[in-house]
Amino acid sequence: MQRESVKPAPFIYHDPQSRADLHDLLARLENTKLLAGGQSLMPMLNMRIVAPDHVIDLNKMPGMDGIAIGGDHITIGAMTRQANLHDSPDIKEHLPIMIAALDHVGHFQTRSRGTIGGSCCHLDPAAELPALCSLYDAEFDVSGPNGARKVAAQDWFQGYLQSALAEDEVLESIRVPLWPAGATYGFSEYARRRGDFAIAGAAALFAWRFDATIDRAAIVIFGVAPDPVRLRELERDLIGRRLDGEAIHTSAVAAKRIEAMSDPYVSGDYRRRLAGIMVERALTAAAQRAEMAA
Amino acid sequence: MSDTRRITLIVNGRSRTADVETRVHLADFLRQSLGLTGTHLGCEHGVCGACTIIVNGRAARSCLMLAVQANGAVIETVESLGDIDALSPLQKAFSEHHALQCGFCTSGMLMSLEAFLRANPHPDVAAIREAISGNICRCTGYQGIVEAALVAAAERRGAA
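Sequence lines, in order, name chains A and B. This note's numbering applies: residue 46 is where the first sequence begins, and numbers increase by one. This note's numbering applies: residue 33 is where the second sequence begins, and numbers increase by one.
Rather than coming from a laboratory, the hints here were simulated on the basis of the structure. Warning: the hint list may mix true and false statements.
To be verified - A few chain A residues that don't get close to chain B, going by computed Cβ distances all over 12 Å: (1) 54; (2) 72; (3) 82; (4) 90; (5) 110; (6) 128; (7) 148; (8) 225; (9) 239; (10) 286; (11) 290; (12) 338; (13) 339.
As the list claims (entries may be wrong) - Cβ pair distances, simulated, as ranges: (14) B/186 / A/314: 17 to 27 Å; (15) B/127 / A/315: 56 to 66 Å; (16) B/175 / A/206: 34 to 44 Å; (17) B/106 / A/108: 16 to 26 Å.
Here a beta-carbon is modelled for each residue, glycine too, at the ideal position from N, C-alpha and C.
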């Protein structure tokens, strides 16, 4: 064999094809990394930011991808490709906000392999799909050698690049509760270049009463803090109000008060300011969608 | 420690079998084991787009896949498009509309647009710009590339 220059540090590759084999590997091996779509892990391997002893490839695992509609929820397999979500008529009908978000997830050349489960386990602070999971209070189904468990979205996010997944567990699927018919959404994010990591973004959902006041609200900000930030106090305050200019302004002001990360390129102050603008745009879009539907 | 596997895949219509170290990514395998150096490597973390190829009909970054994961896959690289005596419509349009200068990004641009035009026979300028937003050119600029894509799309429609 020709001598090759290799970038990732040496590891042993495993490609289990059954739950039993996968759980056995997870129970037995140490310093492992699970490889889903590879659009975050492969860069980290190539640059040797991570150097696992074992890489467990999930791409041959049966039954880990697909979209299933329940009565009041939608279940998405962890290995479902972002491109397949983007093209799915079910997602278009039931979770149109996800298609708006996916337009910002990398590029079509990375969405072809990138998975929702990979995004939700890697947990880049700027990642759109985990932010939607937070917005919807999704539930994460995980399994491991010690059995299966469900993790609520509010417990899933454990800080910078850190999910609640244990070392010997794997994310199986994500259960997204659906909002009532007539609910509208808004999504907005800002990045310096198309497809880049967002500096700040916001997503919002509103369910409406017959008199066009707010029945239920959910607002999330991403890219600003290590985890997606839900504005729960504001969400409660908005109930019973109209989503008019004043309410949107109040929301933008609230968004600017969250704690923000600072790095050599983007200051916390700038992130906070952008967070306010993103919330303003997301809420304006949600209000416009409600008006169009009325 | 060397973890190797034997893989068999179709590359540009030809079946290839090779022993690969499992940590080798697909772009290095194509370039170094198969000698297909048309696929270029810029950033090796999925941002620049130079290594874009078509895997099972979909454009993908060959630096973000392990070669071992391509076992059984159908791969198309820039070498599949045409050659110096018989350029593909897209390559010809690139040549005629000054869509390349140094050429480093070109193979990735071509393969992104090849996949895009197959799925979108009637693209507008905005859609083409979106399609190549994941391919970075640092010398020619994008105007010629967009023009070439429009011309190639029209020619492909005519030929179809």
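So, going through the hints one by one against the coordinates:
In this structure residue 54 of chain A is not separated from chain B by more than 12 Å, as the shortest Cβ-Cβ distance comes to only about 7 Å. At the 12 Å boundary, the C-beta of residue 72 of chain A stays outside the reach of chain B, the nearest C-beta of that chain being 20 Å off. For residue 82 of chain A, the non-interface assignment is contradicted: its Cβ lies about 8 Å from the closest Cβ of chain B, within the 12 Å cut-off. Not every CB of chain B is more than 12 Å from the CB of residue 90 of chain A (nearest about 8 Å), against its label as outside the interface.
At the 12 Å boundary, the C-beta of residue 110 of chain A stays outside the reach of chain B, the nearest C-beta of that chain being 15 Å off. A cut-off of 12 Å between C-beta atoms contradicts the statement that residue 128 of chain A is not in contact with chain B; the least separation is 7 Å. Annotated as non-interface, residue 148 of chain A brings its C-beta within 12 Å of a C-beta of chain B; the closest such distance is 9 Å. With a least CB separation of 33 Å from chain B, residue 225 of chain A remains clear of the 12 Å interface cut-off, as annotated.
With a closest Cβ-Cβ approach of about 4 Å to chain B, residue 239 of chain A is found to fall inside the 12 Å limit, against its non-interface label. Distance check for residue 286 of chain A against chain B: the nearest CB is about 37 Å away, which clears 12 Å, and the non-interface claim stands. Once the 12 Å rule is applied to beta carbons, residue 290 of chain A is consistent with being away from chain B; the minimum gap is 30 Å. With 12 Å as the threshold on Cβ separation, the claim that residue 338 of chain A sits away from chain B holds: the shortest Cβ distance comes to roughly 26 Å.
Non-interface call for residue 339 of chain A relative to chain B: holds, since the shortest CB-CB distance, roughly 30 Å, exceeds 12 Å. Judged by the Cβ atoms, the range 17 to 27 Å given for residue 186 of chain B and residue 314 of chain A is violated: they are separated by roughly 49 Å. The beta-carbon spacing between residue 127 of chain B and residue 315 of chain A, approximately 44 Å, falls outside the hinted interval of 56 to 66 Å. For residue 175 of chain B and residue 206 of chain A, the Cβ-Cβ distance of about 39 Å falls inside the hinted range of 34 to 44 Å, so the restraint holds.
For residue 106 of chain B and residue 108 of chain A, the hinted distance range of 16 to 26 Å is satisfied, since their beta carbons lie about 24 Å from each other.
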